[in-house]
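Enquirer: If you read the sequences in order, they're chains R and Z. All you need for my numbering is the position in the first sequence, starting with 1, plus 1. All you need for my numbering is the position in the second sequence, starting with 1, plus 1129.
What the hints contain is simulated information worked out from the structure, not anything from laboratory work. Among the hints, a few may not be true.
[As the list claims (entries may be wrong)] Keeping only pairs whose Cα atoms sit at most 27 Å apart, straight-line, the calculated BS3-like set for lysine-lysine is: (1) Z:K1408 to Z:K1440; (2) Z:K1410 to R:K201; (3) R:K109 to Z:K1294; (4) Z:K1202 to R:K109.
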Amino acid sequence: MTSNIWYTFIYKIKNDFPNIYIWLENANGYYDKNDNKFIIEVPDAFHKKTLDEKYKYELISILREILNNDEFSLVINVKPEPLFQTKKNNIPKITIKEKQITLPLETKINYIPNLNTAFKFDNFIVGNSNKFTHAACKAVAESPGQTYNPLFIYGGVGLGKTHLLHAIGNFVYEHNPSMRIIITTAEMFLSEVVRHINEKRMDEFKEKYRNVDLLLVDDIQYLKGESTTEEFFHTFNELHLRNKQIVATSDSPPSELKLEERLKSRFSSGIIADIQPPDFELRVAILKQKAKEINRVIPDNIIAYIAEYVDTNVRALGSTFKTLISLSDLNNVEISMELAKQAVKMTNPVKEFSKKISIDMIQQVVAEYFNIKVQDLSSKKRPENIALARQFAMYITRSLTDYSLVQIGQYFGGKDHTTVMHAIDKIEKLIEKNENYKVLLNELIARIQK
Amino acid sequence: MKFIAKKSEISEPLSISSYFIATGSTIPVLSNILFEVKKDIVNIVSTDLDISAKIKCKVQKIEEEGKFALNKKIVSTIKEFPDADIVFQSDKNDNIKVTCLKSEYKFISFPAEEFTTLQPEDKKLETIKLPQRILLNILNLVSYAALKESSKRNLNGVFIKFEGKNIEVVATDAHRLAFYKTEIKETVKTKFEYIIPLKTVNELIKIIKDDEEKFIEINLYDKVIEFKTENIEIISRIIDENYPNYKQVIPKDFIAKAIINREEMLSAVKRVITITSEKSKVISLKFEKNKLFISTAVQDEGEALEEIDIKYDGDSMEVSYNAIYLIDVLKTVKDDEIEINLVSSMNPGLIKIPGREEFIYIIMPIRK
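Based on the provided sequences and hints, a complete structural model is requested.
Expert: Printed below as a string of structure tokens:
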């Protein structure tokens, strides 16, 4: 009975807690009913110490289950040396090493990349802001691993990083289908690592990633977790060593990433290409391309209007464009300026509003209100009423538009940005102190917005 | 809600549905069983979100429709009821009163709206209809060889391939591999490959009948597979992984072949296994001219030796196997004779039915 409990116990430990099992391999144990004690005998004091200090709690909880008893105490003893060696123990034990041979099963790894076929070089529109990156990507796609390795692309949201990444993948896959390509995101990479660790299949994971010819990783800034970063690091080294192409994208340059130094420096070892927000010409070209893709003719002035107001990123441009088309289709009306304004408002509400307010207009309204000339605002004149009007105009410009302090200074007769800061500071204090100024400010803003 | 069912009508469906309940799930509603009381039928639904079952249950009388979820304890309660009419009735607080003769039980019901089950995707790829006996036979022939633990996810299931009129099934735990191929009457348009989780396979084996006349409908989706019989609908997730290349490990060339009476060998192995060590279950097969010796020896404990007459005229050869792997296959196939093909004590052995190719069992030896 006693030994039965011991065997059940040791069996459970062996299966579920291999880390504890190594300490119990040469141990023996029994349950002493009279004292309500479970005694484990271990060969030496070192084993006793480890078990006592590290694993006692776990051992008790396992035993509790087996003994069905909550009250017992666990005692770990060093096994007393037997006085006389029994004869049996003197016979050297012959252990036959039996080994179950395993089938050499091989799981095919899918290298068919999960590419979005809509993203190609053909439909990527090149302008000043992305010329360099586009060229670098094209060069990489044409001879992967030969030119720029690793290639690191960074830029803000919706500027085409993912488009270029998929375009490289698509290009390579089209021209050389036997190339082993993996396209992933840092987040997917992480969950894949975690899953393979849980299933104890890291070797499979390593085999998959370290045998690719082209590794494309999107949004590398999300790479985190010790084992994930480490795995990525080793993958990176292995691939780089064998001249396999690596391309990564991120929202910021490698130096600003929250990653380990060794990874950052590796990304910096190749080519770093950035994508800037598209300029006006590029925005127009993109809109024209989008119109061409769906065979629609859109008047140039409307395209120019959208391109002017939607200046953040390509994705916003696309969504405004789509909104415009669906507005026209759903309501069954021609595309007009009115419709374009509506579309811009729907997709970029804040932007559209703030852009409409020009500095000229603010200056005009403020000058009119203070009964001074518009030019006076940009002059160096410093009578109190003009200075106050100027400061109000600066404050309003700063709060209603996206202009920088420097730009505002420029508009007001080439003043320094500290002057603008001072103006803003002053007005803030004024409206805080005096209710009348607040009313005045609101009145001015209301007039401007009209 | 009110309905009356005979114990015989509801007890079995309930115990079937209890196979599919999640054990130790963090979503409390999943340890419940959902009852959908419709105009003429009561649907009993249970799920662990990897597999879900809906059992259609005809009952004596339905007085009022309704929908409620009850704790799985109801299964054991009903099982212990006497063989009589059982009345299910909801009160004004939506709690369920279950009465049977002089027993009266009240269950706090769980809101039915919170009960989630596995849903098939919108796009059904293909439907296959098979006699239940065929599917049962297919699964029985291979499922025991699948990996029991989920440590390697892609092996913890039965691989099934539909191609034209052919169905191929494979299961392996990397120490042995069972393969079976058969033809069906229907043709599938495209090739489909699935790994069905072992749990689903085991539940299916319990449910489907060894019947040529009764059919089962298999609906194939991208990520789930659905099995529909007359009164049970099972939806199971599939294992979304690649299956190993099993064709590559099926050996082609052998140097010796033995034909053995299956039952004789099975009973001999069953006797020998009683002596084997708890841990390894290893037995030796020694082939000599028209004789097979099955033996084992455990130090300090004992030995076993069995002799069987077989058909064999190759050189004398000795191989060691895990006895369980042999028993598994010997008790599954139903033919009188089996054929063992061998190369050496280190190479895989191949077991099949003499003269037939549709069933193959590969067993890896134990190196001594």
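Enquirer: Broken hints, numbered, in rising order?
Expert: Hints 1, 4 not satisfied by this model.
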